[in-house]
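Colleague: The residues making up each chain are set out below.
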Amino acid sequence: MQTKDINENIAWAKINEDVLRSMENPRMGYWVALAACVAMIMCAVLAEIYQYQVGMGPSGLNWPHMWDLYIATFVFWIGMSHSGTLLSAILHIIQADWRKPIYRFAEAMTLFSLMTAGLFPIIHLGRVWNMYWVLPYVSDRGIWPNFRSPLVWDAFAITTYMTSSALFLFIGMIPDLAICRDNARGWRQKLYTVLSLGWQGDDRQWRHFRRIYLMMACFLIPLAVSVHSIVSADFAMSIMPGWHVTTFPPYFVAGALYSGCAAIITLFILLRYFFRFDEYMTIPIMEKTCKLTFAIAMVWTYLNLIEFAATWYGHDPVAKELLIQKFIGPHAPFFWTMLFCGSVLPFTLAFEKLRRHMPTMFVVSLFLNLGMWLERWMIVTPTLSFSHQPFAWDIMWPSMVQWAIVFGSFGWFGMLFLIFVKVFPSVSMYEVKEMVFHRRHYHSDELESKFHRRAGDRQSDADPSREGA
Amino acid sequence: MSGSDINRRDFLKFMGLGGVGAATLSGCDMPTTITLEEGKEKVVAYLAPEEYAIPGIGVTFASTCKQCPSGCGVHGRVREGRVLKLEGNPDALNGKGLCQMGQASLQGHYNPDRITQPMARKGGALEPVTWEEAWKLMKEKASGAAQGRSAWFTGTVSGHQSVLLSALNKAWGSKDHYVYEAINNAVGEAVNKSVLGDAAPAYRLDKAKVVLSFGADFLGTWVSPVHFSREYSKFRTGDRGVLIQVEPKMTLTGGNADLWVAARPGTEGVVALGVANVLLSKNQVDGKQLPQAALDVISQYGVDKVTEISGVPGDTLVRIAKYLNERSPSLVLSGESAHGHANGYQNAMAAMMLNVLLGNVGETIEASNSMAFDELKAKHGNSKAMLDFAAAADAGKYDVVFFTGANPVYTAPDHLAMAEKVAKVPFKVALSMFPDETTMAADLVLPLSSPYEEWGTSVSPYQPTDAAISMSQPLMKPLSAETKSLGDILLSMLKYQGIKDYEGFDDYYAYLRSELDGLPGSVKAGKDGDEFWSAAVQRGVIKVPTKAGSLKVNLGDVSPGGHQSGGDYPMHLIPSSNQTMYDGRNANLPWLQEAPDQITKIFWDSWVEMHPKAAAKLGVKEGDFVRVESDQGAVEAQVYIYKGVHVNAVAIPVGRGHEEYGRYAKGNGVNPLKILSSIVDGKSGELATHATRVRISKVGRSEELPRLGGSEVQVGRRLVNTVSADVFKRTEGA
Amino acid sequence: MSLKNILENWSHYRRAHEEGGHHEYEHMWGMAIDLNKCTGCNACSVACYAENNLPTVGKDRMRKGQGLHWLRMERYWDEPDLGGDDKEYQERGGSFLPMMCQHCNAATCEPVCPVAATYHTPDGLNAQVYNRCIGSRYCSNNCPYRLRYFNFYSYYEESWPEPLNMQLNPDLSVRDKGVMEKCTFCIQRIRTGKDAAQREGREVKDGDVVTACAQTCPTEAIVFGDLLDKDAQVTKLWKAQEVELGRAKQDKSDGELRGYRVLEGLNTDPCVMYMDRVREA
Amino acid sequence: MFVSNKFLSKRRGKGVGQGKVSQCLAMFFSVLASVFIVAAAQAEVPNAKPPTGTHSGEDVPQPIEFPHDIHADINGINCMYCHTYARRSKVAGIPPTSKCMGCHSIIATDKPRIKKLTEYWENNETILWNKVHDVPDFVHFTHEKHLQRFVFKNEGMDVANVSEVCAFCHGDVKKMTVAKKVKPLNMGFCVRCHEANDGPSDCWKCHK
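Protein chains in written order, with this note's numbering: chain A, 1 to 469; chain B, 1 to 734; chain C, 1 to 281; chain D, 1 to 208.
Just to be clear, a hint being listed does not mean it is correct.
Said to hold, decoys possible - Calculated cross-link-like contacts (lysine-lysine; reagent style DSS-like; alpha-carbon spacing at most 25 Å):
#, chain 1, residue 1, chain 2, residue 2
1, A, 422, A, 190
2, C, 87, B, 643
3, B, 666, C, 59
Hint data in this document are derived by calculation from the structure and do not stem from the laboratory.
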C-alpha cells in the first residue's frame, strides 16, 4: 500500500520529462474531447443567439420565475472556483506541502470556472448589449451604477477575484515556464520566452518570487471568502423567503469549497489516468483531499440543518411554507437528491478502501458536484415559485434554451481546461522538486515515522534508513 | 458610450405632430403618419386647425359606447386625430365609470380585421366590390322584393336609426323587424309586463337593504351592468345591504354575494316558493298581499319538499327568509339562469311573487319614467325573434334579409340549423364591421363605420330614473374611407325608395341636425338650433322629459312547473355569459381575450366548470379535457374544478368557438350554445338556454389550463381580510 | 463624440451630486381601495391595458406566465371552504384583490437594481426608467408582491397589427424586449395634471390627476390622490382608517377599522391602502 | 519606488505636502471657475447658461425650402409667431398652412416657393415636412416648460429675443434657410444644461 505522498527518490530530470511529456503530442482522444467540448459550446452559442434575437422568452423564464438555471449555474461555477484558492493559498501558508503536485490544475480550474461563471450574469440579462452599464465609467450623462445593488458588488468581486487568481496562477508558473522555455522549440519557445519574464532562477529572483507569492496567497484568502459572501448577498440581501437567510455567506462559502474539492477529485483522477501522473498525484494525496472534502461536506450539512431548524422554529410563516414546499412540493425530488448527494454520499469518503479506489471516487465526486449544482438550483427557483403573494405561485421547468446554455458552459470550461493542460504544465515541476527535496532531506522521515507510529505500526522504529542516518 | 444610443425599435413612440387633413369636424383628423425609422418621421402641418386642436395635448369628446345594448355614455380622449382612450361620461345616465367591454370597444374600432370595403358573393366566395356595384346589386335584388318579402334582423336598435329603419320597412311594406339579443331579459320583461304593467321598471338597488337574486348577474351582464355597479356601490356603503345569490353557477354577482346558494338548475321558482313558505309559515309576514291562488301554491312547498326538489338545505332557506324579514326594503331579481328553462316564466313569476309578498313593488321596484319620444325608444332584443326568424326563413317567407348588429349564425343552436335557413333566403345583406359568421354567410356585405366614427343618437333600453338621448359623434375620421354609418346607408336606401321626406338630406348628419332642431322647446331649453346642437354634442346626452309611470300588481300563476328528469343525460349544461366575451361579440378584442374571466381567471380559451365532487366521480382533475354531450352534439374543453357550480351541473362560458370573426376569435375555444336542446320557455316562447341536459365523459387528454394565478387561497396571509358586516356597520355605517 | 463632450465639459462632471438623505416630497401619490365596493369586474385592468400600451401576448405565452398585466385582479377563495369538506359550496363568493404596483416608500426593488433604473421620485413614486433598464430582473425577484413584469419578447408587431397600433398612447413608450415594467400610477396623467395646474398658475388639486383604473372603476372602489394634500379624498380615507405612511404595524385605536396595506409586516411602506372585504357573518 | 520615497521624505521632513496639495487644488478649482465664468459670459439670456456641444448639421430635404433667414432675420418675425404651440404644448408645432397663407396670399406671390405653397393650399393638401429636431421615443420633452423657464418667467428676458433661447437647442436658425440640426440633443447635452440651470434631475421628468 502506498503510504508516502511522493517517492523521494524520483529523479529531477524525470519530473521534467514526465510533465513536459504531458504537454506534447495530443493523442486522438484529446482531439475528440476537445471537439466534444466545442460541440457543446456550439449548442450554447446557438441557444444564446436565438435568445438574443427573440428576447428572454424562449428560456422559459416567466413571471414570477425571473431567474432560474442561469443564476443557479452562475453560483455553481463561482463556487467551483474556490477550491483552487483554498488548496493553493491556504495550504501554502500553512505549509502543507502535499498541495504541491495538485495545486496547479486546481488554480487553473479556479480561473476557468470564473471565466465560465462570469458569462452567466451577462447571458441572463434582458438587454445584453447594455451590460457595461453595470460598470462605473465617466460619461457625459453623469449617471452611475447603483452601488447599493449586490449585482454591482458581484461585478466588482468577480472581476477582482478573476484578476487576482489569474495573477496568482501565472506568478506560480513562472519558474516552470522557464523550464518549458528551455526545452521548447518553435512557437512554444517564443510563447514561453515572453511568459517566463526572463526567469533565470538566480537568488534575487527567487527571493522576490517567494515574497510576492506569499503576499498574493495572503491577499487571496480573504478575497475568495468575500467573493462568495458577496454572491450570497445577491440572495441574502433580498426580502424573499428562502433567500433572506443570515447564514447564507458561510453557507455559500462552505458549499463553494465543497463543490470545488469535489471537482478537484474529478480532475485529479482524470489527469492521473490520462497523463500517467501516478507518481505525483499519488493515492495518499488523494486521500488527503478526500478527507478535506469530507470535513467540508460535514460543515455544509451542518449549515443546512441550521437553516432548516432556524426556518422551522422561526417566526416567518412564509419561509416555513417555502421549506415545506421544498420538502414535499414539486421540487422535492431534486431537493432530496441534493441532500442525498451533498450529505449522505460524502460518507463514502470516510472509508479508506473506497477513498483509495479511483473509479469509485470518480463517480462519487461527480455526484457530489451534481448535488452542489442542485443545491444552487434549489436555492434560486423554489423561492421564486412560492413567495409572499400566493396568487403568483407557479411552477416552471427550464426550457431547452436554458439547458443548452448550461450544458455549453461545461463544454466551455472543458475546452479551456483541455487547452491549458497542453499549453501549460499542469503539475508544478519546481514545487514537486522542492517537495521531493524537502522530503528527502528534512522532515519526511520524521513525518513518515510519526504517521506509522500513529497508525500503530511498530515496525517504523526499526526503519533501516533511520538507523543508517 | 452614450446611453441614449438605444436602438430606435426599442422604444417606439408616436411623436405625432398634428394630423393630416383639415380639421373640419370635431376632432376628426387622419391619424399621424407612423414611421419607425429614425429621421424619417414626418411632421404634418394642419391646413386650418380648430383653436382647441393643439398638437401634443389631448381633447375630450363625448360619444356613446355600443359594445353592449346598455349604451353608456363615453368620453374619448383624442390626440393628433386619433382616439386613444375611453372613459365614462359623467353627464350621461350611467355616469362616470366604464366596464371592461366599454374600455375594449376601442379595439373594435381599431380592429385589424374590420371590413374595409363592400363585398359581394361571386361564385361562392365573397369578393370586394365598389360601392357603385354594391348599390347596383341592392337595386337589382333588394328593391325588387315584393311587398312584405323583406325583413331586418338586428340587435338592439334605438334613436334615429330606429326611426329610419321603421320608415324603410314601411316603404317596403314589411313589418318584419327581428330584434335579437342572445343575452336578454325577455322572460323577466314578460313577467314584469304581465304583473306590473311595465316591462322595464326601475330596480332601486341603492334603496334595497336585501337583494335576493335568482341568477341575475347585474354586475356582469344583466340589463345594464355599469348602472347596477354604481347602484351596488351605494347598496354596499352606509347601512350595508345583504346580497343573496341563488344560481347554479357562480357569476360575478355571485362572487360578491354574502350568501351564495347553489340551486338545482330550473328550481329557482321552487326556492322562491320555499322562502315564501318560510316567511308565511312563521308568520313573519302576512300574506294579504298575495292572491289566494298563490298562497295555496306556496303552502304546498314546505321546506322539506323544496330541499328535495332544489337541493337547497332547509336552514339556508330559513336564513334567506330571516334576512328578508329582518331588513327591508328588499329586492328580488331573476335573471338568465332562472329564465332559461321550460319553466323560466314561472321562475320569474315566483321571484316577482316574493317582491309582491315583501311589499317591494313601489319601494325598490319603481315605475320607470317613460320617455316622451316613443319612436326613439330602444327596441329590446330577445331570442324568440331568432326562433321566429328561423321558422319564417325556413318557410321561404323572404326574398331579402338585412342583418346588422346580430350574429345569429354563431349564437343559434345547431338544432335550429340557422346557417341552412339563412342560406334559403335568396339575398342576404349584412351591414357589419367585422367578418363574423352571419356576415360571411351573406350575399352582400356593406362595411359599417365604427361607433366612434359616426354621428348618431341612441336611447338606452334601461332608463331607470331619467330619460335621455345619447349622442354619438365621430371621435376621429374613419379609418377606411369606404365604410359608411348605418344611418347613412339607411338614408340612402330611403332616398332610393323615393321617400320624399328624406330627399332633402345630404347625409345622416344633416338629417340628425334637422331632427334635433325639430325637438320641442321643452327639450331644447330655449336654445336655438346651433347652440342646442353643440351643447348636445358637448355633453353627449340630451335629457328629455318623462311621463311618470305607475305600477299595478296583478300576480299570475306562481306554480313552478314540472321538472323533467335527465335520462341518459344526468348533468345540466349552463352556458354562462360573462363580461369578457359577452355573447361572443367581444371575441375579436385581444384585450378581452387576454382579460381573465372574473371568477375562474381563465383566458383565451373555453373551459368546463365542475364541482369537485362531480369531478372526483368522473375521475378528472383540473386541465383534463372532457366531452360534454347533449342530444344535439358535443363540445370538448378543459375542466376547471371549484365549488362555485352546482354538483349536478357543468358550466361552459358563451362567446368563444367562432368559425369566423377575425384572427383573435377564430378557432379559439368552443361554443356551448351550439349543443343546446330545442327547449323553449312555455309562456314567453324564449329559447330555454339553461335547460339542456348533458353527459360528461373523459377525453383522456390533459393540458395546463390557461389560467392566471397560482394558489386559489391566501395560505393564511392577510392579503384580503374579511370583516363581518356588523363591524362594518358599527364603524362606517350610516 | 461623448468622449469629446466629456473633455470639453469636464467641469460639469466634477460637480457634486445633489445631497442625499431626506428630502421633502412634492407629492405623495397614493391610493385607497375599498374591497367592500370592489366587485372584481376587471374593468380597471383593461383600462390599464388601454392607457399604458400593454401588449396582449396570446394564449400560450400568457399561460407560460409571460404576460404583462400591470393591474391584475386577484381572486381568492375563502380558506375554510376549500380543502375541508365542511361546506359544499363557496358560500361567501370570492375575495377580489386588485393589485398594482404598491409604490412602496421603502421599496425592495429599488436598492437591488444594478443600474439604478428604478428609483424613488420626488413625487413619492416608484419609478422605472425603461431605457436605463438592462433586464437583470432582480427587482422583480425582490418584489414581494410580484408586481413587476418583464418583456420576454418584442411584442410590438404581434400585439398591435395595423391599425391597432394607432391606439398606442404617445405619452409613454412602447417597451421592447428585455425591459422590466410595472404600474406607474399613470405617470403621464400625473404629468399632464401638473402641467395643466402650472399653466393655470395654481397648485395641483384633488381630482386633477386620476389614474386610468380609478377613473373607470364603476363602483368607485379605487380612489387616487395626493397623500400630502389634506383635503384630498384619499387622505381622508387613510386618516379615517388610521393608516399612516412610515409605519410597519398600524397602531389603531379601534381594532375594527378596515384599513391595511398588503404584506405590511415586510415594512415596505406601500402607498396603496386596502380596506377589508365585508361579508355577513 | 523612486517617486514615493521622495514624496514620503518631503512630507515627513517639512510637513508642507499638504500646502502643495491645497495649492494644486486651488489652482484646479480656479481653472474650473474660469471655465464656468467664460461659459456663463457666453450666454446672452439672463439667468440661463446654455449647454455647449455642437453637432454637424446635415441638410434635410423639405417639400418647400423654407427660408428661416428671410422670415426671422430679415423680417424679424418672432419664432413663436409661427411655432405657436411651443408656449402651451410639448411640441412647438409646424404652423398650419392657413397661417402661411395669411401673409402669402398677398406677399411675394410670384416666387416659386410661394407658388408651390399656394398649390398645396388650393388643393386642400397638407404639407408633410421632414422632421429635423427629434428626440428618442422614450424622452418626454416639453417646449412649454422650457419657454416658461427661459422666456416668460425669466427676469430681464425680453420675449422679442426668444430666438436666443431657441438657439440653445436649435442653433442659430436665423442664419439658416431650411433648419438643420446643429446640437447633439442627446442626454449629455440635456443633462449639462439641467445641471447648469438647476433643472430637474429626476429621471422621470424626462424619461417616459
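Colleague: With reference to the structure, classify each hint as holding or not holding.
Modeller: Here is what the structure says about each hint:
This hinted pair checks out: residue 422(A) and residue 190(A) have alpha carbons roughly 16 Å apart, not beyond 25 Å. Restraint check for residue 87(C) and residue 643(B): satisfied, since their Cα atoms lie roughly 9 Å apart, inside the 25 Å limit. The straight-line distance between the Cα atoms of residue 666(B) and residue 59(C) is roughly 13 Å, inside the 25 Å bound, and the hint therefore holds.
Every hint from the earlier list agrees with this structure, and none is contradicted.
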